[in-house]
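Engineer: First residue of the sequence shown: 1, per this note's numbering; consecutive thereafter.
Hint data in this document are derived by calculation from the structure and do not stem from the laboratory.
Take the hints with a grain of salt, since some may be wrong.
Unchecked claim - Here are the simulated DSS-like pairs of lysine-lysine, each with C-alpha atoms no more than 27 Å apart in a straight line:
| id | residue 1 | residue 2 |
| --- | --- | --- |
| 1 | 148 | 87 |
| 2 | 449 | 54 |
| 3 | 270 | 419 |
| 4 | 293 | 41 |
| 5 | 270 | 196 |
| 6 | 27 | 87 |
| 7 | 293 | 150 |
| 8 | 53 | 27 |
| 9 | 87 | 41 |
| 10 | 150 | 353 |
| 11 | 27 | 293 |
| 12 | 196 | 150 |
| 13 | 87 | 54 |
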Amino acid sequence: MITLEKDQSTHTESVQNYVNQVFETVKKRNPNESEFHQAVKEVFESLIPVLAKKPEYIQHAILERIVEPERIISFRVPWVDDQGNVKVNRGFRVQYNSAIGPYKGGLRFHPSVNASIIKFLGFEQIFKNSLTGQPIGGGKGGSDFDPKGKSDGEIMRFCQSFMTELSKYIGPDTDVPAGDIGVGSKEIGFLFGQYKKVRGGFEAGVLTGKGIGYGGSLARKEATGYGTVYFVEEMLQDRNLSFEGSTVVVSGSGNVSIYAMEKAMQLGAKVVACSDSNGYIYDGNGINLETVKRIKEVEKQRISAYVTDHPQAIYTENCNGIWTVPCDIALPCATQNEIDQASAELLVSNGVKAIGEGANMPSTLEAIEIFLENNVLFAPAKAANAGGVSVSALEMAQNSARLSWAFEEVDSKLHAIMKNIYQNSKKAAQEYGAPGNLVIGANIAGFVKVADAMIEQGVI
């Protein structure tokens with residue numbers, strides 16, 4: 001028995017060394033791409049148990065292959081502003097992995113967009129899309145263009161220039177982009193219009209998040225926020241907890257945040273704080289969601305305007321300060337790495353019971369470690385925020401069949417998908433010796449499906 005344990009320990013150490021070597025190669029080949037390194041490290045560390053149990057993944061060099069995008073497209077995006085000045089931005093599309101279906105992932109328009117951001121998002125998308133159970137591969141794209149402060153004409157001209165180039169590389173059976181930060185229904189409409197003009201045909205399935213009148217799906221707008229809450233509710237129920245009667249803090253005030261707040265409230269929670277990139281509001285009476293929707297979706301104002309209608313609320317500069325607000329459940333729905341080690345320690349000291357990641361990689365590796373060490377329920381982004389891409393896949397299915405489903409039908413399918421993601425992540429964590437660790441469970445459950453398909457399709 002002692003010999004067996006020594007052999008097993010030696011084997012695990014060997015696998016760990018192999019993983020470390022591959023990761024070092026990733027860092028050398030992709031210098032100065034910290035977000036990408038972070039995403040890869042988190043996944044790799046989770047996969048050690050499965051690599052030890054299934055050496056065929058090492059024999060077929062799955063790690064070496066899965067970290068390399070199948071294709072990276074970078075292009076110039078020239079456009080003309082309202083004053084007649086020529087502007088130039090960069091466009092990106094990373095077509096990461098098509099083992100289980102066409103590339104699928106959003107487009108992000110934000111000044112922070114660079115190769116590292118797009119690669120980390122695309123890499124995460126591989127496993128997130130696998131977890132949905134839908135036949136979609138991983139991809140991501142975007143531009144360093146900032147739609148904030150731009151007129152509709154400027155946004156249209158930028159989108160038309162961007163799509164003129166991107167249209168060469170996408171299609172309903174090849175690569176299906178969607179929205180992300182800075183890309184809402186307006187931008188998707190402009191992008192789809194230009195694609196239609198360039199291609200000379202109505203290929204509804206080439207983009208998701210479209211308007212309802214031209215091939216969009218009901219419940220798509222709500223899907224990421226709703227899906228995050230559905231996943232967290234499953235996780236809470238395993239601890240005999242619930243949103244009912246809980247105090248909730250939600251970072252952000254965009255699409256994901258608004259509908260995470262809406263669903264949490266429907267389940268009986270009291271949401272007391274939300275934010276934007278300038279600062280956050282705290283309303284001890286509970287956030288008035290209709291006011292937030294009007295401010296952010298209609299008037300396009302900063303969240304500070306909330307206190308005009310609700311003088312009992314408090315607005316504070318510095319959006320990261322939102323994590324000083326005590327809560328039972330925290331839903332980070334803004335952007336990557338918004339919860340660092342200090343914020344995580346503060347949340348724990350204030351008695352947080354559960355974290356549900358609605359944004360992409362909103363917690364640093366150090367923050368995640370603190371949550372797990374303190375027995376805080378933790379729903380990782382690639383599982384918890386998969387609702388958006390799940391309904392995007394349902395939109396693709398509706399487009400292919402040339403029909404539309406009712407809101408209730410789409411929402412029901414979304415709820416079932418999120419339950420399955422939770423159960424599959426939980427099962428994988430238990431099978432590979434990490435019961436309750438949904439970070440490991442989600443990474444393994446998403447990885448195995450893709451890795452098996454890659455082996456079956458040969459070295460390509």
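Engineer: Hint by hint, say whether it matches the structure.
Structural biologist: Verification of the hints:
no.	hint	result
1	148 x 87	holds (15 Å)
2	449 x 54	holds (13 Å)
3	270 x 419	holds (23 Å)
4	293 x 41	violated (37 Å)
5	270 x 196	violated (44 Å)
6	27 x 87	violated (33 Å)
7	293 x 150	holds (21 Å)
8	53 x 27	holds (26 Å)
9	87 x 41	violated (37 Å)
10	150 x 353	violated (41 Å)
11	27 x 293	violated (42 Å)
12	196 x 150	holds (24 Å)
13	87 x 54	violated (51 Å)
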